[in-house]
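Asker: Put the two chains together into one complex; each comes in its own frame, and the hints tell you how they fit.
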Amino acid sequence: MIANTHTSVTSGETRARRSFYWRYMVEPYFYLSPALILIGVVMLVPLIVGISYSFQSIALLKPFDTGWVGLENYAALWDDRKFWLALENTFRWTIGSLSLQFLLGLGLALLLNTQFRGKRLFQALVFLPWAVPTFLSALTWAWLFNPVIGPLPHWLHDLGLLSEPYNILGDPDLAIWGPITANVWFGVPFFAITLLAALQSIPSELYEAAEMDGASAWQCFTKITLPFLAPMIAITVMLRTIWIANFADMIYVMTGGGPANSTQILSSYIFTTAFRKLDFGYASAIAVALLGLLLIYAVILLFVRQKLVKV
Amino acid sequence: MSDTTRRNPMLMMGKSAAITFYLTFALFPLYWLLKIALTPDRLIFTEGTNLAPSEITFSNFTSVLFKTDFLSYFGNSLIVSLGTAAVTTVIAAGAGYAFSRFHFSGKKIIIAVMLITQMFPLLMIIAPIYKIIASFGLLNSLSSLIIVYTAFNIPFATFLMQSFFDGIPRDLEEAAMMEGCTRFQALRKVVIPLTLPGLGATLGFVFTAAWSELLFALMLISKNDTMTFPVGLLTFVSKFSVDWGQMMAAGVLALIPSCLFFIFIQRYLVQGLTSGAVKG
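Going down the list, the protein sequences come from chains D and P.
This note's numbering puts the first sequence at residues 1 to 311.
This note's numbering puts the second sequence at residues 1001 to 1280.
Next comes chain P alone, as it looks inside the complex (with noise of 0.2 angstroms):
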């Protein structure tokens, strides 16, 4: 549908209207929050619903980093985060791999299994899942959470790296294999290489699944120095739920490493939804 043959200034202006609603609607609450986090202490209730501050600060920022925990639920956060995408992507690598080249007894099985997996309500096992991990006494550790973490996220990235590897040839490792290398090395020489970008679009799916990851958390964990982001965030603000400010900036914070990997992966965004499978 070409707009250049036809000008329909009718058309034109909804258009235009479409635009600035979607860009308010999803931008506003973002503003929203930048514009509370900068406003200072003093400001907050006389002017807390204007729409720009008359002055802004970025003590609210400061204290955040260096008057509370924070700094490290970033870091419990990020390391979690960041085992939880490694772990996931080799693990579905692998396995997306396998349903890529290989047909197999139980294929079908294991395909449907892993996307019942997607379908039942996850907090069903948040008991049991408390129960096992406390009869191990890996309670508020982070290495239990990047295990569940790993566990939940497995079937999505399988299916994203299996769409990556479907558009790969298979007369390319077909080829290193006739030169003598085993399907293995054939992997890892030819195909790893060419699947780069799907790795890094995993990795980035699976981090923000890890670091938005709430519930569990806050089943998990109780200790103050083992909290993630969310879990820790949640504490503030359920203890000091007057200090808008500070708690704002801490939600600024949260948003930076998500936004970055998401403005990583936005190329692959529609590419890898529609071809793997769907998922929020």
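Looking at chain D on its own, in the form it has when it is part of the complex (with noise of 0.2 angstroms):
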């Protein structure tokens, strides 16, 4: 538009080009450029230079053992016990996280869909892990976890569920759930918050036409509110899989992967062994199969979101 005013002199074919080109390639990428020149800087660039560490042998600790091995450390990693380990341990922990998390955020969602006294004091206080800094909520789990300070233990021993008051996060069978108790705390209020959105919008009349019918609570919910919920719920379980597969701090600050790497998952396997072994070549072949499997599990998705959903 402010175009026009500058070339109000040449003739209307050229004014309308030079409009043309102003509006739609010039003028958005005046506002966009700064945001894409540092995304392009800072993500993508380091994104294809750590694709190529791959294919490197880059340790600082090995300054002069530097250059390109081909798939040296792929063929390493395939050998690696502890890679499928942590394979392993990648789906129990985000299978584990993820069905706590949707369950009982779906279960505060229908609760904050209802009236009751004091509800938006109890909406603010359910909500509050979501702001806890993550390296927090893991410590402070872990002081839970931890017989001399914490009461977890002795409430599970009390229970029967453990024979003696001890740390489960010492335990290699049960160190896992430590910090799977630990995200679900943390995660439960985002499910919340997004199928309390998703359960507003649906039209309220279904409910008042389904009651008149004589419907019973139990009907409504599986034949409203589920059907109404479900693209929703398949979005957020798709991209919040990605996120818990990638999401290490937990398991570093709680565990360190440890004990004998019974927690090791793969992000948090990428980040020891770039910051503690500072072999970057091999943690960039690590991340590059993470990636991978992360692309893998998109691509199904997809393809079952085409075939359920019908848009």
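Some hints here could point you the wrong way.
[Said to hold, decoys possible] Quick list of in silico lysine to any residue cross-link-like pairs, SDA-like style, CA-CA up to 20 angstroms:
| hint | chain 1 | residue 1 | chain 2 | residue 2 |
| --- | --- | --- | --- | --- |
| 1 | P | Lys1035 | P | Lys1015 |
| 2 | P | Lys1131 | D | Gln56 |
| 3 | P | Lys1239 | D | Thr272 |
| 4 | P | Lys1108 | D | Leu36 |
| 5 | P | Lys1107 | P | Asp1166 |
| 6 | P | Lys1015 | D | Thr225 |
| 7 | D | Lys223 | D | Tyr207 |
| 8 | D | Lys119 | D | Leu104 |
What the hints contain is simulated information worked out from the structure, not anything from laboratory work.
Computed from a predicted structure; not experimentally measured.
Answerer: What follows is the structure in structure tokens.
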């Protein structure tokens, strides 16, 4: 539109073209370019560099041993028992956290969709864990599981779940449940918020009509609520799976992947390899493997979604 | 579903039980953090697992504040988080505005790229970023953290800002442009004042995200005087792992800024998260 004022002397045709270029090629990019440049420089370029690292030997502790090594890192990965264990743990961690977060989040959303006294305060309080920084959630739960200062081992012992009040974070069989609990605590509000918004978009006439026809609460839930929520549930679960699989903070802070790698997931394995061992080549190879798995997962999901949801 | 029409006693009891359960689950860990922080050191081992301490003290807080480096960690985190929030919000407002008001070639691709940046494992770029930043000699600097965090948060903040701009009728700025404003003037004088709440919410989201980032900060910062709060706290924990009271007092302090921002953005939670992108 400003272009019009500048080009008022030129012929109508050129004016239209310049205005067209301005409007579709230049002006939007004036607003976009800072964002694009930063994303490009800080995320996309390092992403490509990172993929190239996976074909090199780059370990800061062995500075004279750098260079292209082809698929050597991947070959080492294939023989790495820790890698396969981490892969298995990634599934346990993701499925365990996701299903519990989802079920508790759905319950909370349904609860918040009804009326009761003090609901606003209740809502503010139950969403609070979401505001707690992740490193602090992890530390808090690590302390709660500590028998010296935390009550949880004693309660689990009283319930007969533990033979004696010890720290489950030190037990290879149970340790993964520590970070999962912390992750569930932290993630329930997110699911509740998303599902609550979806719940509120269901037209209330549907429930009124169903009630008039004598439908029970359970029938209303399975015949109206769930079908309406399904698309939102599908999208949220899809995105959240990827996010949780990538989420290493909880595990790194609570157990550091131990004891005996029993809680190491792929993303925390990437971090410990890069941060502790400073072996950037091998860390990048694990990262590429994780990226590949996530891509396969996304493709399968898009395929399933196309089959299920007819838009 | 009106509850007044059917007051099933079983249902009401179940509901109260559910309310109690969710409240306890959400608040108990935070209560415990506060409780240990307030318990005097000599009582921690004798009544560490009691529900309430028999006496309370603020000495843990004072020693954390005045005898350790936490005040400096706190300051560093504040600089990084405020810097990231301010820069990200300005840049994301521009990008969100472009998405909301323009149709242009390459728009779909750019949106797709932004979505993909939310999907791939961020840890994948931790090694390249370390190398790049080291080559510029910017390791252990707060500005490097601000740049990195800004880039990480731009996609989500952009989608959030776009949803706020979408909520403002185009007629307003078109009227201003009829009156002779350029688009940029219209944006500055008409649209921005109307998006102030949205800008505030975006600031809050980005601030909390930057405040809690740990892994990149661990990688890029190793000197004590530029450590952010998470890195400082973790270092403290691994060094003095028996100073329970002080560690938890530090934890409570780390909670304060996030909680303040959280109270502030409460109102926008449902609105912003659902109309924007989906992210933790």
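Asker: Going through the numbered hints above, which ones does this structure break? Give me the numbers in ascending order.
Answerer: 1
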